[in-house]
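Counting along the sequence shown from 1, when you hit position 40 you're at 40 in this note's numbering, and nothing is skipped either side.
None of these hints come from the bench; they were simulated from the model.
Incorrect hints may appear among the rest.
What the hints assert, rightly or not - Below, simulated EDC-like cross-link-like pairs (lysine to aspartate or glutamate); rule was C-alpha separation at most 16 Å, straight line:
| hint | residue 1 | residue 2 |
| --- | --- | --- |
| 1 | K113 | D152 |
| 2 | K185 | E37 |
| 3 | K157 | D65 |
| 4 | K59 | D152 |
| 5 | K120 | D65 |
| 6 | K157 | D63 |
| 7 | K210 | E37 |
| 8 | K185 | E40 |
| 9 | K62 | E156 |
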Amino acid sequence: MEIIAFIIIILIASVLQTSTGFGFSILATPFLLLIFEPIEAIQINLILSLIISSALIMKIRKDIDFGILRRFVIGSVTGLPIGIMIFLLVDINRLKLGVSLIILVLTIMLILKFRINQNKKRDLIVGGLSGSFTTSIGMPGPPLLLYFSGTDTQKEKLRGTTLAFYLFIYFVSLIIQVIFAGTNKTIWLSSLWALPLVFIGLYLGQLLFKRINQNGFRIFTYIILLFTGIYLLIESLGLL
Numbered sequence: 001m002e003i004i005a006f007i008i009i010i011l012i013a014s015v016l017q018t019s020t021g022f023g024f025s026i027l028a029t030p031f032l033l034l035i036f037e038p039i040e041a042i043q044i045n046l047i048l049s050l051i052i053s054s055a056l057i058m059k060i061r062k063d064i065d066f067g068i069l070r071r072f073v074i075g076s077v078t079g080l081p082i083g084i085m086i087f088l089l090v091d092i093n094r095l096k097l098g099v100s101l102i103i104l105v106l107t108i109m110l111i112l113k114f115r116i117n118q119n120k121k122r123d124l125i126v127g128g129l130s131g132s133f134t135t136s137i138g139m140p141g142p143p144l145l146l147y148f149s150g151t152d153t154q155k156e157k158l159r160g161t162t163l164a165f166y167l168f169i170y171f172v173s174l175i176i177q178v179i180f181a182g183t184n185k186t187i188w189l190s191s192l193w194a195l196p197l198v199f200i201g202l203y204l205g206q207l208l209f210k211r212i213n214q215n216g217f218r219i220f221t222y223i224i225l226l227f228t229g230i231y232l233l234i235e236s237l238g239l240l
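Work out the full structure, taking the sequences as your base and the hints as a guide.
Here it is, written out as structure tokens:
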């Protein structure tokens, strides 16, 4: 059952990551935590997300906003070490509870038409939050997704800029995780076995991206955020 669950998780998450630019870590991490230890789930997520971003970067480079990307990277430099300290010091269930409540509150605000004006200072803050989320729970997506949704960013720009940022953030986060938290053979063997599923997801995700309009993309975003927040909340309370 664990093998079947692993296949389903990786395949669906790869499709979402390719079609939206943010789906893999948001969907995969909560479920991988049911199968693996936290350190294993987070590092498998980082490795596979890095592979997906590397495979797509040339195809989506024309959609990247390099100004925002640069500020995200600068901001993340502050958030990365904060995240690894949180991971090493804070109980994982308390961490998931806090993250779930933040995601749910902000998503409800977006659904109620709360909007954010994008500026350079906020780009830096969001980059910092994303960096801390990556090294603590392996999920850089929620801060970026909430921010871009609040600024009504076009889906092409959202996907391109987030995937380019992930290429940097996942690589650095993986190095930090390995140095400070260690690694093991299970992580690398599981990532290797997942590669065929990732490449199938890349192909299917590209097909899906072409079929989603902007409004559908926004609704899809809210559904993923609500699902992630509720799931993390239930799991942190020990109801699963």
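Going through the hints against the structure:
Proposed proximity of K113 and D152 is supported: the alpha carbons are some 10 Å apart, at most 16 Å. Distance hint between K185 and E37 is fulfilled; the C-alpha atoms sit about 13 Å from each other, no more than 16 Å. For a cut-off of 16 Å, the pair hint linking K157 to D65 stands: about 7 Å separates their Cα positions. Straight-line distance between C-alpha atoms of K59 and D152 comes to about 23 Å, which puts the hinted pair past the 16 Å bound.
At roughly 13 Å between alpha-carbon atoms, K120 and D65 fall within 16 Å of each other, so this suggested pair holds. At roughly 5 Å between alpha-carbon atoms, K157 and D63 fall within 16 Å of each other, so this suggested pair holds. Taking the CA atoms of K210 and E37, the gap is about 36 Å. The hint is violated against a cut of 16 Å. Distance restraint check for K185 and E40: the Cα-Cα separation of roughly 10 Å lies within the 16 Å cut-off, and the hinted pair is therefore satisfied.
A C-alpha spacing of about 9 Å is found between K62 and E156, which places the hinted pair at or below 16 Å, so the restraint holds.
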